[in-house]
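*Asks:* If you read the protein sequences in the order shown, they are chains A and B. The first sequence begins at 128 in this note's numbering and counts up by one. The second sequence begins at 128 in this note's numbering and counts up by one.
Possibly wrong hints are sitting among the right ones.
No distinction is drawn between identical chains; accordingly, a pair holds when it is met within one copy or between any pair of copies.
Simulated pairs of lysine to any residue, SDA-like, Cα-Cα distance not exceeding 25 Å [claimed, not checked]: (1) Lys153 - Trp253; (2) Lys153 - Gln373; (3) Lys569 - Tyr160; (4) Lys275 - Ser226; (5) Lys225 - Ala567; (6) Lys432 - Ser141; (7) Lys189 - Leu454; (8) Lys414 - Asn340; (9) Lys453 - Ile536; (10) Lys153 - Lys252; (11) Lys189 - Gly449; (12) Lys215 - Ser226; (13) Lys381 - Asp457; (14) Lys209 - Arg164; (15) Lys153 - Asn521; (16) Lys263 - Leu454; (17) Lys215 - Lys225; (18) Lys313 - Lys443; (19) Lys569 - Ser226; (20) Lys209 - Ile227; (21) Lys432 - Lys453; (22) Lys225 - Ser205.
Just so you know, the hints here were simulated from the structure itself, not pulled from any lab data.
Number of protein chains: 2
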Amino acid sequence: METKFDKKDLTKKSENIADWYNDVIKLADVADYAETRGGMIIKPLGYALWESVQQVLDKQFKEDGIMNVYFPAFIPMSLFEKEKEHIKGFAPELFMIKSIGDEDLLDPYVLRPTSEAIIDKALSKWIKSYRDLPYKINQWCNIFRAEKRTYYFLRTTEFLWQEGHTSFRTAQETLDMTLKALNWYKDFYEQYFAISGYVGLKSQQEKFAGAKNTYTIEMVAPNGKSIQMCTSHDLGDNFAKVFNIQYIDENGEKQYVYQNSFGLSTRSLGCLILAHGDDFGLILPPKVAPIQIVILPIITDNDNKEIIQFSENIYKQLSSIGIKAKLDVDFKHTLGYRINEWEIKGVPLRLEVGQRELDNNVVSAVRRDNFEKSNLDIKDILNTIPELLLNIQNDLLQKSRKLKNDLTIDVSDYNEFKKAINDGKFVRAFWCEDEQCEEAIKQETKASNRCLELDRIESNESGECIYCHKKAKRRWLFAKSY
Amino acid sequence: METKFDKKDLTKKSENIADWYNDVIKLADVADYAETRGGMIIKPLGYALWESVQQVLDKQFKEDGIMNVYFPAFIPMSLFEKEKEHIKGFAPELFMIKSIGDEDLLDPYVLRPTSEAIIDKALSKWIKSYRDLPYKINQWCNIFRAEKRTYYFLRTTEFLWQEGHTSFRTAQETLDMTLKALNWYKDFYEQYFAISGYVGLKSQQEKFAGAKNTYTIEMVAPNGKSIQMCTSHDLGDNFAKVFNIQYIDENGEKQYVYQNSFGLSTRSLGCLILAHGDDFGLILPPKVAPIQIVILPIITDNDNKEIIQFSENIYKQLSSIGIKAKLDVDFKHTLGYRINEWEIKGVPLRLEVGQRELDNNVVSAVRRDNFEKSNLDIKDILNTIPELLLNIQNDLLQKSRKLKNDLTIDVSDYNEFKKAINDGKFVRAFWCEDEQCEEAIKQETKASNRCLELDRIESNESGECIYCHKKAKRRWLFAKSY
């Protein structure tokens, strides 16, 4: 799959981030369009990134005693529509199987847009005693929600995700689990994807259809717009009552369970790409890069053999300590072409090995994130290179934190609010928590309510609503949706 | 999820294998029925077994340079029907999305029953030069094929599988790949699932719709029926011509690729369960058992603490060398109940630790497969227990080999053939390779042609067709389908 890459094919990120995003995904072979409306094909580089998500989160889930399962993608409509808010929220996006062969189905199948309904139906049979609780399961699967057109990873008709579903005896345990899952996501995004987002509570209008409360992490995109990176829902006993999930407690009495669900999808890959790429292509954080280092032997004359041996030795050393290195000996193309290729694919560190390096027993290292070049003594590379990778990882996170802070502004006046939104900012402002104000702000500014940061939930400041000037006690974050 | 297990709930395997199979899956918490026709829920124990399949095969694929990808589940009908044999073969089993919201789709979507069509459409864009070849990809995904009712794992409307899709320059490379994938499956089944099947070529009538040749591994079930455990298809250039997958060779000329696809599904778990279980429940081979050893402290009086400490010490020792052990301290239930539980769940080895064991510094080990009991000196368990697990693994494979051989019979007379099929045997017989005889045999005996063993493909014996008595040169395997 030879990418015919020409730098001029890549729109500059600073000039048009949406075009840049589509270009870079195509040129770096991350994904492609499919034949269907809103469809997407995840190519090898994209899927390898998804596997890095799976490895980290799946390990975390298992350590917490969460068990993987698999439920069918088909949910009978009669089940799906039981929770009234749930069906109302999802109805416009549903795909339906209405017949099998020539036979019309009396109870058509919904292709799962989320699995609460079918899982809860099973739990109502499976959970019998307090000894069965907590009951914690997760599935990795595909999800279907109709989209008119494809926005790679961010909005696609089918996407991949994990959905965790947990049941407890008490509301408190459920809230704890909801926040624990959110914290796993926060750690994952920070430690692996090097993205710092806003961790908070969704407003009642913006929450998951059927939940008591939804918690979210919102990413500040480089253009100041917001992307929901994951969610964790406190479902209370809403679904338990609808699906009759009851257990017998120690006293022989029937009780409803309290539930939580949490999900992170392939949308996360869109966040990763948007967060770190630049005008030269992707920039992948070392901890999740399928190739962490590319080694490029630079061949000029007939003295090739020694340079290649020298490069192979470096490759072997790095591989021996678990670094995912790639030795590029594809001499059919010019060095410039090959450098471009690895840059657009976002490989975190490039090692160049030519005659000069050979003579001096060094290797030339070029960081992808800032193009900083250093000469590394060959004797020390097993120390210096892991350190360089760690520095890249940390610097990317710092850069993400800085961008988030730089693009966020506190305002106390509605004109300021409107100006800031127009300037591509995240805005923190008092809101009276009345849905009418929230809706009016959305209509007038196109900015939606993104969340209330976790550490502000208990806050009790005193201010006035940015819109209606009535009394308000908490500052919420508003931004345009990406 | 407390299984209310009572031995009398489990049908005897020898008396009614179909009922036993359904009972054991339910009682061991492997899977459950879903609300939809042909639907199935894979519960934690079942999914853990599927993960063991994924781990082994995925590693094998990656070592061979096969890259994981993800294609949409929706395939436009216009693509799916391009290959005429393909659509003809799959038409009766297809689920269709005919509308989105109120809008009828002019080109309805097929829910993938296999992905050749959508993958090949993409390959026709992606593969350009001989330098792009070989191109080898794989995906782990769900698959939809309509079934009237659920046979756990063996026939379900939705199942999970991997499908590998590879493209090469030559027919020979493609055949090599087809057989390589088949061999991975053979090794997996033998080394991990401890199942020895027949590895062979499908007849032209029984091959995959659209393939040049299909290779298979057929399991001999304990009742002499046959289950197709996986397939690897030599697609020739059939799909390449239909989807116009061409590359430019070194001479600048356009050439069609040759292709192979190969798949193994959650049906493999049905084979695993059928192959080894007995009247007491599942028997899991140690290499794939999510719990390899259960340690049961036997508490009789007040001297509990020492016994539990002794058991914990065993647990820690075994865990330290990577053995998946479980310490069962659920004293709410009787010892007999707990033993039954672990037996039905198929845990390969049970360790009992009571006062006698403590006094003598031994542990009592009971093999699940043959109930053989041994006293192991506590000092040696890090040697003796891995050896015991290995013996169980090997003995299960030997037993599977023996069953296969015992249930297979060579016949040369059609009356013998019919009697053998009625007696629940696999039958090896000369066949003239004319489809009319194959079809007549099927109609008259209910036995279908299962395969021609690999080492008989080149054979050139001389015999006469079991049915029409015309000249025949190869002996094929026939059996009833499970």
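*Asks:* Work down the list of hints and note, for each, if the structure agrees.
*Replies:* Consistency of the hints with the structure:
1. Lys153 - Trp253: Result: close only across copies, 11 Å inter versus 46 Å intra.
2. Lys153 - Gln373: The answer is between: 21 Å across copies meets 25 Å, while 50 Å in one copy does not.
3. Lys569 - Tyr160: neither (31 Å within a copy, 45 Å between copies)
4. Lys275 - Ser226: Both. Shortest intra-copy (24 Å) and inter-copy (13 Å) distances satisfy the 25 Å Cα cut-off.
5. Lys225 - Ala567: For lysine 225 and alanine 567, the Cα distance exceeds 25 Å both inside one copy (39 Å) and across copies (38 Å).
6. Lys432 - Ser141: neither (43 Å within a copy, 68 Å between copies)
7. Lys189 - Leu454: Result: close only across copies, 17 Å inter versus 35 Å intra.
8. Lys414 - Asn340: The answer is neither: 32 Å in one copy and 43 Å across copies each exceed 25 Å.
9. Lys453 - Ile536: Neither: 43 Å inside a chain and 53 Å across chains, both beyond 25 Å.
10. Lys153 - Lys252: This pair counts as between: shortest inter-copy Cα distance 13 Å, intra-copy 47 Å.
11. Lys189 - Gly449: Intra 24 Å, inter 16 Å, cutoff 25 Å: intra and inter.
12. Lys215 - Ser226: both (23 Å within a copy, 19 Å between copies)
13. Lys381 - Asp457: between (69 Å within a copy, 23 Å between copies)
14. Lys209 - Arg164: Between. Shortest inter-copy distance 20 Å satisfies the 25 Å Cα cut-off; intra-copy 29 Å does not.
15. Lys153 - Asn521: neither (27 Å within a copy, 49 Å between copies)
16. Lys263 - Leu454: Between. Shortest inter-copy distance 20 Å satisfies the 25 Å Cα cut-off; intra-copy 44 Å does not.
17. Lys215 - Lys225: both (19 Å within a copy, 22 Å between copies)
18. Lys313 - Lys443: Neither. Shortest intra-copy (35 Å) and inter-copy (33 Å) distances fail the 25 Å Cα cut-off.
19. Lys569 - Ser226: Classified as neither: same-chain Cα gap 40 Å, cross-chain 31 Å, threshold 25 Å.
20. Lys209 - Ile227: Both. Shortest intra-copy (23 Å) and inter-copy (22 Å) distances satisfy the 25 Å Cα cut-off.
21. Lys432 - Lys453: Cα proximity of lysine 432 and lysine 453: one copy only (18 Å, versus 55 Å across).
22. Lys225 - Ser205: both (13 Å within a copy, 20 Å between copies)
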